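Since chain U is already given, all that's left is putting chain F on it; use the hints.
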Amino acid sequence: MSIAGCSGEGGGGNDGGEGGGDGGYLEEASQLDWSSNWQERLGYANALENWPGESRQDVAPDDSPTDWEGREAITSAPWQPPEGWDETSAADVDSIQILNFGSLGFDPATVARHEMVTDRTGIGREYLTPEVNTAIPKQQSFLSAGQDRPTMFNVELQTFTSWVQNGWIAPQDPLWSDGMWEPFPSVVQDVLTSDRDPSRDGTHVYYAPQIMNMPVYHVNRALLEDHGVDPEIASGEWTWSDLETVMGAFQDSDVAGFAHHGANDVYTLFDFLLMVYQQGGFIIQDDGSVQFNTDVGQEALGRMVSWREDGLTPESVISYGQGDLTDVFLAEQAAIIWRWSSFISEGMNQLGDDYYMAKPPAADTGPDPAQRALFNPNLLAINPHASNSEKMAALLFADANRSYPAQWWEYTYEGNLSYANRVYDDAVELKDTLPAWQQEYSGAIREVQELSSVEVWPSMNSTQIRTAEEISLAISGSKSAEKALGDLQAYIDQVLGQ
Amino acid sequence: MSTQSAKIGDRIPLYRVLRDRVAQVVNDHIKLVLLGPALLALFLVFIYPVVYMFYQSFFFSTLGAAEPRFVGLANYVTLFEDPAFTRDFVTTLQYSFGSVTIATLSGLAIALAVKQVDSDRLRDAYISLIMAAWAIPLATAGLMWRWIFHGQVGILNKVLRDIGLVSNNIAWTADPTLALMAVIFVDSWVRMPFAMIVLYAGLQSIPEHMYDAVKVDGATTFEAFRHVTIPYLRPSLFVAILINWMFAWRAFDIVFTMTKGGPGTSTEVLSVLLYRQGMELFNFGYTNAVAVILVLVTMVVGAFYVKVILQRVDEE
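Residue numbers (the numbering used here), protein chains in the order written: chain U, 1 to 498; chain F, 1001 to 1316.
The hints are simulated quantities; they were obtained by calculation from the structure and are not laboratory data. Don't take each hint at face value.
[Claimed, not checked] Covered stretches of chain U, as calculated for chain F (at least 3 residues, CB under 8 Å):
1) 171 to 180
2) 262 to 268
3) 315 to 321
[To be verified] Derived Cβ-Cβ restraints for the label pairs, each shown as a range:
4) F:VAL1295 - U:VAL132: 39 to 45 Å
5) U:GLY352 - F:ILE1163: 30 to 36 Å
6) U:ASP493 - F:TRP1147: 36 to 42 Å
7) U:GLU83 - F:VAL1295: 20 to 26 Å
8) F:LEU1073 - U:ASP286: 39 to 45 Å
9) U:ASN349 - F:LEU1122: 45 to 51 Å
10) U:LYS431 - F:TRP1147: 38 to 44 Å
Because the structure is a prediction, the values reported are computed rather than measured. Built from N, CA and C at the ideal position, the CB exists for glycine as well.
Looking at chain U on its own, in the form it has when it is part of the complex (with noise of 0.2 Å):
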């Protein structure tokens, strides 16, 4: 797992933290112990011994996801809020109010692991659950207008940076010490933090751990079959030269080989940024400077183009944006895809034998092909305009979010990628409690895992909406991917003075 950032230097997080307009909030969470036995705290020590296989299996039911009020799986995780904190002002909050993108039916460890920290501290919430679409746009609302609420919200990658250089993030900086990043790969740490708030000098950490998507690809092994392609054509190593062999496969029919993102949508920068990824290629250069309008990048769009002017894509694929290619697939009119990990059971439901996880193509060119994924992070921050109450509450479930029990439920019951490395050695030891598909598929997604990075660079939310406008008219036929890739980076250039 790598970064490549161009945001500041990663660093330790401080203890106690400084910075103007916190009321008192920083000096109050200072004041707790976060960091003495934190291994037994966050429930990383021994974890199969002290939270074993069985305890873990009373969780909520596929058909109520959101179910896990008194569950034993909830009671009996390792958690614990640091001693003293029903001394602070967050003994006083009764509830506080989250904003989660989408809705809870979808993030149900997320459910899971508030209601933990509900369960121990009695604190209360109240969800808002906007589509990820408007959510943004609503965060930048309320946080403009310095709204008290929501206290908690989820904060995407395009928007990382630009709502802590606007002063918008309360910091986390009592959470975390010297040692408490070990759970957690490097890259985590550099995610977590940034030192572009202007009211404070330094570097702070301003995020905990939320959700961590990747995306593998899925396929319908009956549809390959059908139009006379090797069903295991996907398994193991496979290149793009495969893909454009199943796609050839398909052009005469109706069903498609294999359909991308093409509106303009920022699932379709993601299309791109795999195809780069995928070629060993980069955004962030070695100099710091964001570049689109590379070689690779070239060979990326190119190919998108081509692959729908000589019809081996069908033509709805311009129109495809978010949650378009999971219809498709479930209605099996595409036979590969790609989508988040967090889709898999939802294939294997569908499609039963039908269908099979397999890891991303390797380009056929590039500097160094290889079957390269991508992270999409989301992290949970705090809303600075709350009351240091609301605060020092929600600070208890950030301190939850980077629990041992928290990304537990991320990873096997959401299936999203854990944070912490150790919960994938211990799904291994405890295979047989996992659903079926965590056993068949954890070790390839482990594998792509290793291969797979995520770029940070200012502005983002900016020159990821225009990037996703040039690469859909390029594939719409509106430019040519020369001209669209141009055009592109001269906005970056102007945007980020480079």
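Relative to the frame of chain U, chain F by itself:
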């Protein structure tokens, strides 16, 4: 029965004095009292926001900028030099006039057809069914038609193939021209019921003896339509066209839910541009400038329409 009346020297209770004074003020300013709350609401929800929007359009304001910075007409200069704005302006013209044309013509045709139905109950049933389309929220209608037009799993393609009109699926929302036609069609579909009901009401007001008179003169059905129906319908047509156009000009829901302005930017109308600039790129000053243009065009066209067309209608 006894009466009490105030005599000189009697003390009048304070509440009666106040009550009488208030009653006097209300009587003297009765128009303001009755209209005041409505005017205040209008000011708060319309006039003040529009004026503030106009004011904000002279500032550079974006995410990350410390304070909004006065830049005069710079946002408007950027806007008129931006090919994206010109492109979207043209698209919006095509969208709004296309939608209004289809909605008005189809609304008129349906109103004329419904008027021919003899049974009151059946006529009311038809009207209710047609008005049901108007009751659907625009975003819902957009999503519904998005699925109908879906290139691979949409029911429209299935029906067309089943009846043999096409042999391959048509990517309705993937082709720039077809996508624009599709969103115009859907917009006209949601606006047609309003046109229909307004025109139907207009048809009801046409005196029957006028048709009798022209029939006596030997006029054909078409001539009766041309020389009786249309002239009498002009006020209703005026209302239906103007109001539908004003809504179509500012339409967002249909386009955003169906195509999000795609494929590429072929269906991006000004309201979608406004959303992108404001809600995604946080370029607030520029967004307000776009909004000002939207409002100004609406006002100018509306004023022209009222002044010129309505005057002509009144004269006739």
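Structure-based check of each hint:
Closer than 8 Å: that is the beta-carbon criterion, and the segment 171 to 180 of chain U has 0 residues meeting it against chain F, so the requirement of 3 is violated. Counting residues of the segment 262 to 268 of chain U whose CB lies closer than 8 Å to any CB of chain F gives 4, which reaches the minimum of 3, so the coverage claim holds. Check result for the segment 315 to 321 of chain U against chain F: holds, 6 residues qualifying (beta carbon to beta carbon below 8 Å, three or more required). VAL1295 of chain F and VAL132 of chain U have their C-beta atoms about 30 Å apart, which leaves the hinted 39 to 45 Å range violated.
For GLY352 of chain U and ILE1163 of chain F, the Cβ-Cβ distance of about 34 Å falls inside the hinted range of 30 to 36 Å, so the restraint holds. In this structure, ASP493 of chain U and TRP1147 of chain F meet the distance hint of 36 to 42 Å, their C-beta atoms being roughly 40 Å apart. At about 59 Å, the CB distance of GLU83 of chain U to VAL1295 of chain F disagrees with the hint of 20 to 26 Å. Under the hint 39 to 45 Å, the C-beta atoms of LEU1073 of chain F and ASP286 of chain U, about 42 Å apart, fit the expected range.
Between ASN349 of chain U and LEU1122 of chain F, the C-beta spacing of about 48 Å keeps the proposed range 45 to 51 Å intact. For the pair LYS431 of chain U and TRP1147 of chain F, the beta carbons lie near 40 Å from each other, so the given range of 38 to 44 Å is met.
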